[in-house]
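Enquirer: Chains as they are written, first to last, in our numbering: chain A, 1 to 296; chain P, 297 to 592.
Honestly, the hints are just simulated from the structure, not real lab data. Be aware that one or more of the hints could be misleading.
Here are the computed lysine-lysine pairs in the DSS-like style, where the Cα-Cα straight-line distance is at most 30 Å [stated by the list, open to error]:
1) P:K560 <-> A:K264
2) P:K464 <-> A:K168
3) A:K168 <-> A:K264
4) P:K560 <-> P:K418
5) P:K571 <-> P:K464
6) P:K560 <-> A:K168
7) A:K122 <-> A:K275
8) P:K464 <-> A:K264
9) A:K122 <-> A:K277
10) A:K264 <-> A:K277
11) P:K571 <-> P:K418
12) P:K418 <-> P:K573
Covered by chain P, according to a simulated footprint, are these stretches of chain A (three or more residues, beta-carbon under 8 Å) [said to hold, decoys possible]:
13) 152–160
14) 224–238
15) 262–275
Stretches of chain P that chain A covers, calculated by requiring three or more beta carbons in the stretch to come under 8 Å of a beta carbon on chain A [as the list claims (entries may be wrong)]:
16) 492–504
17) 514–527
18) 554–566
Nothing here was measured: the structure is a model prediction, and the numbers come from that model. For glycine and all other residues, C-beta sits at the position ideal for the given N, C-alpha and C.
There are 2 protein chains.
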Amino acid sequence: MSTVIAIDVGGTGMKCALVDSAHRVLHTERHATGRERGPEAVVQTIVDVAAGLAARGDAEAIGVVVPGVIDEVNGVARYSSNVGFRDVPLRDLLQGRLGIAATLGHDVRAGGLAEARLGAGKGRAQVLVMPIGTGIAAAHVVNGIVASGAHGAAGEIGHIVVRPGGPKCGCGLIGCLEAVASASAVERRYAELAASTLTAAEVSARIDTDPHAAQVWRETVDALADGLLTGQALYDAELIIIGGGLAESGETLLAPLRAALSEKASFHRVPEIVKAKLGDEAGCLGAALLALELLS
Amino acid sequence: MSTVIAIDVGGTGMKCALVDSAHRVLHTERHATGRERGPEAVVQTIVDVAAGLAARGDAEAIGVVVPGVIDEVNGVARYSSNVGFRDVPLRDLLQGRLGIAATLGHDVRAGGLAEARLGAGKGRAQVLVMPIGTGIAAAHVVNGIVASGAHGAAGEIGHIVVRPGGPKCGCGLIGCLEAVASASAVERRYAELAASTLTAAEVSARIDTDPHAAQVWRETVDALADGLLTGQALYDAELIIIGGGLAESGETLLAPLRAALSEKASFHRVPEIVKAKLGDEAGCLGAALLALELLS
Chain A
1 MSTVIAIDVG
11 GTGMKCALVD
21 SAHRVLHTER
31 HATGRERGPE
41 AVVQTIVDVA
51 AGLAARGDAE
61 AIGVVVPGVI
71 DEVNGVARYS
81 SNVGFRDVPL
91 RDLLQGRLGI
101 AATLGHDVRA
111 GGLAEARLGA
121 GKGRAQVLVM
131 PIGTGIAAAH
141 VVNGIVASGA
151 HGAAGEIGHI
161 VVRPGGPKCG
171 CGLIGCLEAV
181 ASASAVERRY
191 AELAASTLTA
201 AEVSARIDTD
211 PHAAQVWRET
221 VDALADGLLT
231 GQALYDAELI
241 IIGGGLAESG
251 ETLLAPLRAA
261 LSEKASFHRV
271 PEIVKAKLGD
281 EAGCLGAALL
291 ALELLS
Chain P
297 MSTVIAIDVG
307 GTGMKCALVD
317 SAHRVLHTER
327 HATGRERGPE
337 AVVQTIVDVA
347 AGLAARGDAE
357 AIGVVVPGVI
367 DEVNGVARYS
377 SNVGFRDVPL
387 RDLLQGRLGI
397 AATLGHDVRA
407 GGLAEARLGA
417 GKGRAQVLVM
427 PIGTGIAAAH
437 VVNGIVASGA
447 HGAAGEIGHI
457 VVRPGGPKCG
467 CGLIGCLEAV
477 ASASAVERRY
487 AELAASTLTA
497 AEVSARIDTD
507 PHAAQVWRET
517 VDALADGLLT
527 GQALYDAELI
537 IIGGGLAESG
547 ETLLAPLRAA
557 LSEKASFHRV
567 PEIVKAKLGD
577 EAGCLGAALL
587 ALELLS
């Protein structure tokens with residue numbers, strides 16, 4: 001039985017674990033990312049935390065996942081606005097410090113891999129995992145392998161234009177799915193309509209009593225269905241797993257989403273739509289899977 | 297050196313060949329599909345033509361590709377409006393009659409595979425092949441393997457909605473890429489604007505002298521760039537190969553398409569865009585590749 005170190009670096013916190021080759025989580029810890037200290041300090045923290053985990057036992061490999069554009073082949077974090085990275089050769093830094101095999105992955109793709117292999121997608125061949133939180137992205141997993149694309153930028157379903165002429169997206173385009181249907185978009189749209197603020201979870205909880213909340217939710221579900229319809233035209237998945245903060249609304253989100261997708265579909269085969277199972281542990285487990293692959 | 301039979305069944309004609317394992321085309325023939333005779337007669341013609349090719353020599357396998365929704369795992373043509381097929385177990389019919397290994401594939405995916413492996417994509421890892429003709433579809437080929445999707449319906453890039461509220465598509469949706477940027481859409485749009493008819497090739501040849509042609513071409517290129525931008529967000533290809541009738545316009549299409557895609561791109565890595573090399577032989581060569589895979 002081998003053990004690996006897994007670290008999921010997010011904009012605010014780092015989730016860390018020791019995981020064995022039966023995918024059992026032997027130990028976890030969380031640390032602040034401290035991105036306000038600048039990228040060099042963040043890298044130092046990652047390496048120090050990794051060294052601390054390595055000192056606890058006999059880990060044979062380490063997997064680290066970060067958001068943004070990742071060059072998985074060369075182990076370089078090309079660009080990550082959330083943690084301030086630009087061309088950080090994180091894999092080699094970790095390998096140098098720890099002296100064990102290291103791998104660098106993308107948080108959404110690694111989390112999607114974990115959901116597809118160990119979570120809600122277990123036993124299914126063609127899965128699209130789509131976390132909806134501050135942003136929206138996806139991991140397309142076929143036979144347990146996640147597509148990274150030629151430049152580590154595949155699966156950017158949040159940047160399908162679903163509302164031409166709609167709100168401006170952080171990416172620079174107009175009317176992206178992320179700009180109209182992410183948790184942040186739900187909150188922004190509610191504030192526009194109601195002139196008061198609610199979290200996305202609160203909006204979802206009030207759709208039966210607050211007409212503004214109901215309208216925001218309808219618009220969100222409609223946009224998500226349009227985005228998934230396009231995703232389905234290109235990927236033809238058998239199962240779509242919705243994760244991230246917005247998935248915590250459960251059937252309040254999924255039931256109307258299924259109905260909207262079925263209604264909009266023409267030639268498309270309508271996939272099953274379910275909620276993610278691994279919650280916010282998915283990225284860290286995905287990092288462990290990537291590390292375990294180094295040993296297989 | 298092995299030899300295989302390859303047949304590409306289209307709405308009007310069937311392209312047939314004997315191909316060896318070095319991908320040399322040893323013999324070709326063409327036959328009318330005769331779809332007006334009904335699906336049973338078409339199937340009979342395919343089987344007879346295949347038997348005739350088998351009688352010419354020592355073919356060890358046969359690959360047949362057809363348009364529509366193909367269940368490649370079970371070798372069944374689920375639905376193909378072009379040739380009138382519904383749940384035709386073509387692979388088993390061929391195997392039964394010829395007594396050699398048979399495989400059934402999808403025309404666009406098989407053609408894309410041939411373009412990616414043997415044509416304009418030779419030596420490239422992440423390729424999107426998009427023929428633009430009467431319709432628009434794509435084959436996403438990664439490391440020489442084409443993605444089929446869970447139900448044989450992946451790559452339907454022609455059915456990305458790029459113009460909400462635009463023209464109705466044959467698929468039932470409104471504003472699909474195919475409805476605004478296929479060769480047929482170019483012809484329809486020109487007729488609308490100019491109240492006279494031209495072929496898509498004629499429209500492309502007149503963009504410097506005919507303002508209606510220029511407008512149709514601008515609209516077409518703009519829609520194609522929007523569709524490819526979405527495709528790129530999901531697939532992140534390194535190379536896009538444009539085939540089909542519209543690609544015969546060459547740089548008249550590709551130069552403004554490259555410019556439009558670069559201008560519209562935000563985070564996207566802009567892929568190279570080139571013209572297909574294999575022309576209308578791609579599907580038949582792809583059928584041969586599928587058959588050769590049975591022998592490897």
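Enquirer: Now tell me, hint by hint, if it's right for this structure.
Expert: Okay, the hints, checked on the actual structure:
Distance hint between P:K560 and A:K264 is fulfilled; the C-alpha atoms sit about 27 Å from each other, no more than 30 Å. Simply put, P:K464 and A:K168 have alpha-carbon atoms about 27 Å apart, close enough for the 30 Å limit, and the pair holds. Taking the CA atoms of A:K168 and A:K264, the gap is near 25 Å; set against the 30 Å cutoff, the hint holds. Between the alpha carbons of P:K560 and P:K418 the distance comes to roughly 28 Å, so the proposed pair stays at or under 30 Å and holds.
Restraint check: the Cα-Cα separation between P:K571 and P:K464 comes to about 28 Å, which is no more than 30 Å; the hinted pair holds. The hinted pair formed by P:K560 and A:K168 meets the criterion: a straight-line CA distance of about 14 Å does not exceed 30 Å. Of the pairs offered as hints, the one joining A:K122 and A:K275 holds, with about 13 Å between alpha carbons and a cut-off of 30 Å not exceeded. A distance of roughly 14 Å separates the Cα atoms of P:K464 and A:K264; the hinted pair therefore holds under the 30 Å criterion.
Between A:K122 and A:K277, the direct Cα distance comes to roughly 10 Å. Compliance with the 30 Å bound is thereby established for this hinted pair. For the proposed pair A:K264 and A:K277, the alpha carbon gap of about 27 Å is at most 30 Å, so the pair holds. Our distance criterion of 30 Å between C-alpha atoms is met by P:K571 and P:K418, whose separation comes to about 13 Å. Annotation: proposed proximity of P:K418 to P:K573 holds, straight-line Cα distance about 10 Å (limit 30 Å).
Evaluation of the coverage hint for the stretch 152–160 of chain A: fulfilled, as 8 residues show C-beta separations to chain P shorter than 8 Å, against a requirement of three. With a cut-off of 8 Å between beta carbons, the stretch 224–238 of chain A has 10 residues touching chain P; three or more are needed, and the interface restraint holds. For the stretch 262–275 of chain A, the proposed coverage by chain P is satisfied: 6 residues have a C-beta within less than 8 Å of a C-beta in that chain, meeting the threshold of three. Closer than 8 Å: that is the beta-carbon criterion, and the stretch 492–504 of chain P has 0 residues meeting it against chain A, so the requirement of 3 is violated.
Interface restraint, the stretch 514–527 of chain P with chain A: holds (4 residues with C-beta to C-beta distance below 8 Å; minimum three). Interface restraint, the stretch 554–566 of chain P with chain A: holds (5 residues with C-beta to C-beta distance below 8 Å; minimum three).
In summary, the structure is inconsistent with hint 16 from the numbered list given earlier, while agreeing with all the others.
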